[in-house]
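Just so you know, the sequences run in chain order A and B. So for the first sequence, the UniProt record's numbering puts the first residue at 1; every next one is plus one. So for the second sequence, the UniProt record's numbering puts the first residue at 1; every next one is plus one.
Treat the hints as calculated values from the structure; they're not laboratory data. One should not assume that every hint holds.
To be verified - Covered stretches of chain A, as calculated for chain B (at least 3 residues, CB under 8 Å): (1) 189-202; (2) 365-375.
Claimed, not checked - Pairwise CB distance ranges, derived in the manner of DEER restraints: (3) P317/B / P317/A: 24 to 30 Å; (4) T366/B / P317/A: 21 to 27 Å; (5) E316/B / S362/A: 53 to 59 Å; (6) R446/A / R252/B: 30 to 36 Å; (7) D309/A / R252/B: 49 to 55 Å; (8) P317/A / A131/B: 48 to 54 Å; (9) D48/B / D113/A: 45 to 51 Å; (10) E109/A / S362/B: 39 to 45 Å; (11) G266/B / V451/A: 53 to 59 Å; (12) V451/B / A49/A: 27 to 33 Å; (13) G438/B / H26/A: 30 to 36 Å; (14) R252/B / V451/A: 42 to 48 Å; (15) E396/A / D439/B: 55 to 61 Å; (16) E396/A / V451/B: 41 to 47 Å.
The structure presented is a predicted model; accordingly, all values stated were derived computationally and were not measured. No residue lacks a Cβ here, since even glycine has one placed at the ideal position from N, Cα and C.
2 protein chains.
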Amino acid sequence: MNTSSMPQQKALSEELRTLLDDPRGHRVRDDAETVRAFSRDFGPKHDDALPRAVVFAESVGDVQAVAAYAHQRRLPLIARGAGTGVSGAVNATDGCIVLSLERMNRITEIRVDDEVAVVEPGVINGDLGDAVAPYGLMYAPDPASYRQSTIGGNVATNAGGLRCAKYGVTRDSVLALDVVLADGALIRTGRDTFKGVAGYDLTSLFVGSEGTLGIVVGVTVRLRYLSTSQESISALFPTIADAAAAVLEMGRRRVQPAITEFLDAGTMEVIDASFGTRLAERGGALLLVRTDGFGAEAEAGVVRAALSDGGGQVSEPGDEFAARLIEMRRASRGDTQDDDYRVGEDVAVPRSRLVSYIHHLSEIATRHEVRLRVVAHAGDGNLHPTFWVSPDGGEEALGRLNAALDDSVRGALEAGGTITGEHGIGQFKRRWLSWEQGDRVVELQRQIKHVFDPHGILNPGKAIV
Amino acid sequence: MNTSSMPQQKALSEELRTLLDDPRGHRVRDDAETVRAFSRDFGPKHDDALPRAVVFAESVGDVQAVAAYAHQRRLPLIARGAGTGVSGAVNATDGCIVLSLERMNRITEIRVDDEVAVVEPGVINGDLGDAVAPYGLMYAPDPASYRQSTIGGNVATNAGGLRCAKYGVTRDSVLALDVVLADGALIRTGRDTFKGVAGYDLTSLFVGSEGTLGIVVGVTVRLRYLSTSQESISALFPTIADAAAAVLEMGRRRVQPAITEFLDAGTMEVIDASFGTRLAERGGALLLVRTDGFGAEAEAGVVRAALSDGGGQVSEPGDEFAARLIEMRRASRGDTQDDDYRVGEDVAVPRSRLVSYIHHLSEIATRHEVRLRVVAHAGDGNLHPTFWVSPDGGEEALGRLNAALDDSVRGALEAGGTITGEHGIGQFKRRWLSWEQGDRVVELQRQIKHVFDPHGILNPGKAIV
Numbered sequence: 001m002n003t004s005s006m007p008q009q010k011a012l013s014e015e016l017r018t019l020l021d022d023p024r025g026h027r028v029r030d031d032a033e034t035v036r037a038f039s040r041d042f043g044p045k046h047d048d049a050l051p052r053a054v055v056f057a058e059s060v061g062d063v064q065a066v067a068a069y070a071h072q073r074r075l076p077l078i079a080r081g082a083g084t085g086v087s088g089a090v091n092a093t094d095g096c097i098v099l100s101l102e103r104m105n106r107i108t109e110i111r112v113d114d115e116v117a118v119v120e121p122g123v124i125n126g127d128l129g130d131a132v133a134p135y136g137l138m139y140a141p142d143p144a145s146y147r148q149s150t151i152g153g154n155v156a157t158n159a160g161g162l163r164c165a166k167y168g169v170t171r172d173s174v175l176a177l178d179v180v181l182a183d184g185a186l187i188r189t190g191r192d193t194f195k196g197v198a199g200y201d202l203t204s205l206f207v208g209s210e211g212t213l214g215i216v217v218g219v220t221v222r223l224r225y226l227s228t229s230q231e232s233i234s235a236l237f238p239t240i241a242d243a244a245a246a247v248l249e250m251g252r253r254r255v256q257p258a259i260t261e262f263l264d265a266g267t268m269e270v271i272d273a274s275f276g277t278r279l280a281e282r283g284g285a286l287l288l289v290r291t292d293g294f295g296a297e298a299e300a301g302v303v304r305a306a307l308s309d310g311g312g313q314v315s316e317p318g319d320e321f322a323a324r325l326i327e328m329r330r331a332s333r334g335d336t337q338d339d340d341y342r343v344g345e346d347v348a349v350p351r352s353r354l355v356s357y358i359h360h361l362s363e364i365a366t367r368h369e370v371r372l373r374v375v376a377h378a379g380d381g382n383l384h385p386t387f388w389v390s391p392d393g394g395e396e397a398l399g400r401l402n403a404a405l406d407d408s409v410r411g412a413l414e415a416g417g418t419i420t421g422e423h424g425i426g427q428f429k430r431r432w433l434s435w436e437q438g439d440r441v442v443e444l445q446r447q448i449k450h451v452f453d454p455h456g457i458l459n460p461g462k463a464i465v
Numbered sequence: 001m002n003t004s005s006m007p008q009q010k011a012l013s014e015e016l017r018t019l020l021d022d023p024r025g026h027r028v029r030d031d032a033e034t035v036r037a038f039s040r041d042f043g044p045k046h047d048d049a050l051p052r053a054v055v056f057a058e059s060v061g062d063v064q065a066v067a068a069y070a071h072q073r074r075l076p077l078i079a080r081g082a083g084t085g086v087s088g089a090v091n092a093t094d095g096c097i098v099l100s101l102e103r104m105n106r107i108t109e110i111r112v113d114d115e116v117a118v119v120e121p122g123v124i125n126g127d128l129g130d131a132v133a134p135y136g137l138m139y140a141p142d143p144a145s146y147r148q149s150t151i152g153g154n155v156a157t158n159a160g161g162l163r164c165a166k167y168g169v170t171r172d173s174v175l176a177l178d179v180v181l182a183d184g185a186l187i188r189t190g191r192d193t194f195k196g197v198a199g200y201d202l203t204s205l206f207v208g209s210e211g212t213l214g215i216v217v218g219v220t221v222r223l224r225y226l227s228t229s230q231e232s233i234s235a236l237f238p239t240i241a242d243a244a245a246a247v248l249e250m251g252r253r254r255v256q257p258a259i260t261e262f263l264d265a266g267t268m269e270v271i272d273a274s275f276g277t278r279l280a281e282r283g284g285a286l287l288l289v290r291t292d293g294f295g296a297e298a299e300a301g302v303v304r305a306a307l308s309d310g311g312g313q314v315s316e317p318g319d320e321f322a323a324r325l326i327e328m329r330r331a332s333r334g335d336t337q338d339d340d341y342r343v344g345e346d347v348a349v350p351r352s353r354l355v356s357y358i359h360h361l362s363e364i365a366t367r368h369e370v371r372l373r374v375v376a377h378a379g380d381g382n383l384h385p386t387f388w389v390s391p392d393g394g395e396e397a398l399g400r401l402n403a404a405l406d407d408s409v410r411g412a413l414e415a416g417g418t419i420t421g422e423h424g425i426g427q428f429k430r431r432w433l434s435w436e437q438g439d440r441v442v443e444l445q446r447q448i449k450h451v452f453d454p455h456g457i458l459n460p461g462k463a464i465v
């Protein structure tokens, strides 16, 4: 085998085709359109780096062969799912190979009585949900991108979603992983049972590691019961403070909704524009709540009372519009693809700090003269403020935007929160990671990275600092 | 500072007393009674190793000082909570210092609106539950030892309990950890928010690592809502197979009890002997089920129907005896302290394999002429078979007992299960760990251990191989 460390573009693709027995280039592509399309995720990209080749893996063997090749040649290797992330975690870096796992999209097993499924990494989140629904089961993690994003990508970012406060995040549903290590070796972590404590929790270590420790090629997930009854409630409040206070009041009444979404006036305007609703003229903040399970109706009653006592205009029992609003909220993601001038943030704060933090965000927006709207998974304190400026403002406007972002992240940390609730560090949040983590934690993570990937080929420059 | 690597017993205690400014020996003890009492956990101990000193830490600073000292002198250091484990995880090894965290037992903070508590490691599990109950909150993980065991010990073993199927294990309730590393440095992992994905999940790595990666000195936990309504159901079945089938049938009806305990005839006899009940004469297996939350009553109705359809003699709604039976089951642990001739196992299998696996256990007991009884957290497939032989049988009987244990563990793995559901590897399960884990996983764990503890001082010979 040729051991030159940096083969030319064509030579590299040819080598990969030979390696994968793919003479016609079905799995190894290097045309301009493909390399551009696979050079980034849904967020902004600040450079022109392109992959030297894109490999569409169709088997575990493909992944092992490409990893071993990249390991030997010291070539950066970026595994990706559907690329729906927004933190730059799969953005191409100089000289990299991109490894797409989209074609590994089989649901390998659904074990109904065990309430477990085994999937390849390229399975779309919503497709798994559809496949298990006839059995009365669900795959709980439901990022807003659930109709596009893959389970493998969800694992890489430890994706959250709307139902997390009740059903947990991706990590809480992952029992076992098949992982290809940097050198091409295949390992299995975790177990097929709900409980198990043998050895260190390598499964959780891989979940959320953004492809920097290994490449997930198989995921064993725990399924939950699909509720046959659910109640959706909407409540419009005069002010943001009223709505945030109502979230705490629901908690004080010890009811755990499956979904608790907070939308400010700006977010209501987006929904109004997309769906022809007229929400924004009716109030300053909107809460959308869903209860489910055997207690759905009783819980909904408690929720409605709490929201009404808190000054909300609350939907009537059985109101179908409330349910539709939740679907509109889910679907409202696509309209806000980030670019350099519009950045969707993803911080989390302790729930009791929601009011003061949203107030703080408004101050930041005013101070830096940037626009702001806020949506939040209020049940777990996870906020998505979107800041934007007019592109006409050029560099000066970008400076104000970035200053606002810095302040918003600093504020979240000062409130006892985190710089990322569910989107991950990727490329863009690395600048803030050392604000959250101590030097020794940073150093331990580097050492763990070195254990798994001694040559640093796996998604370099992402996830940790 | 004296750098001799193995100071004599008295010299070592004196040095520790000087180090901790404890001239009277309140915190540093080396008397025979103390070193013997702190040389083991609740399980058997196969050697006479005693600690050279026992340090009762009263502050994070104490822990840091002792760790730094042990690190510098290359002395084995074993941190422990209440010592209620049964896998030998805190058993003394030659030349070790034992570091008890029992005195660090303050509940530092209860943040009601955030549904979070911060505790020192020595807080008793049940004491935290008592402290948060007035707020309508609970700390969900409830190992049978919850009145004796500490949160720190629960974290070290990733303890389970009765409520796991619905509320998760210890890992699922831990948000952040303060950890003293092997060299005495203090780090903080995780975050105070329910969600957060910044960096690698070091929190989960420490949870369940049995004191081999660091010493947990602070735990931030998520609290759950304490249900105001709960329903307890008991059902006696003619055979074990009937009871196990009924567990699956409850699942098929998509009801998620908080507790689902399975007891065989032998376990019923233990309860009968302890509490004067007459369960064993009425059936061959017992299921104890508890539903909670807003849907408790509706769920209990579904449960009763499923159990009755499955041939169970089911308790009436509101039957207080069913609730008392669950408390008897919890309290029945103490009578079975393990010794060389009686070993309580802790395997887990996929739920659909419960029937065949329990049948397999009976075959094993018959083949090796050992006694057997089985209790299981049936909702998550976690079984505790207890095997025993008469001490009169001597070495020959011990040989049969160990052969039965080996077969039971092998059988659990063949059924797709794990060698430990919630007790941990400790000393005793290391002989089976490589049956479950591949060579590369074993090696990765060793490398991770080396990152955190380069001199191998932290609880050597435990948790991994």
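How the hints compare with the structure:
Check on the segment 189-202 of chain A: 13 of its residues sit with their Cβ under 8 Å from a Cβ of chain B, so the three-residue criterion for coverage holds. Against chain B, the segment 365-375 of chain A contributes 0 residues with a C-beta closer than 8 Å to a partner C-beta. That does not satisfy the three-residue criterion, and the hint is violated. Checked against the hint of 24 to 30 Å, the C-beta distance between P317/B and P317/A comes to roughly 27 Å, which is consistent with it. For T366/B paired with P317/A, a C-beta distance near 59 Å fails the hint of 21 to 27 Å.
A hinted range of 53 to 59 Å for the beta carbons of E316/B and S362/A is consistent with their spacing of about 57 Å. For the pair R446/A and R252/B, the beta carbons lie near 48 Å from each other, so the given range of 30 to 36 Å is not met. For D309/A and R252/B, the hinted distance range of 49 to 55 Å is not satisfied, since their beta carbons lie about 40 Å from each other. P317/A and A131/B have their C-beta atoms about 37 Å apart, which leaves the hinted 48 to 54 Å range violated.
Range check, D48/B to D113/A: Cβ separation about 48 Å, and the 45 to 51 Å hint holds. Range check, E109/A to S362/B: Cβ separation about 29 Å, and the 39 to 45 Å hint is violated. Look at G266/B against V451/A: about 46 Å separates their beta carbons, and that is not inside 53 to 59 Å. At roughly 31 Å, the beta-carbon separation of V451/B and A49/A lies within the given 27 to 33 Å, and the hint holds.
Taken as a hint, the range 30 to 36 Å holds for the pair G438/B and H26/A, whose Cβ atoms sit roughly 32 Å apart. The hint said 42 to 48 Å for the Cβ distance between R252/B and V451/A, and at roughly 43 Å that hint holds. At roughly 58 Å, the beta-carbon separation of E396/A and D439/B lies within the given 55 to 61 Å, and the hint holds. Take E396/A and V451/B: their Cβ atoms lie about 45 Å apart, and the range 41 to 47 Å holds.
Hint compliance for this structure: hints 2, 4, 6, 7, 8, 10, 11 are broken, all remaining hints hold.
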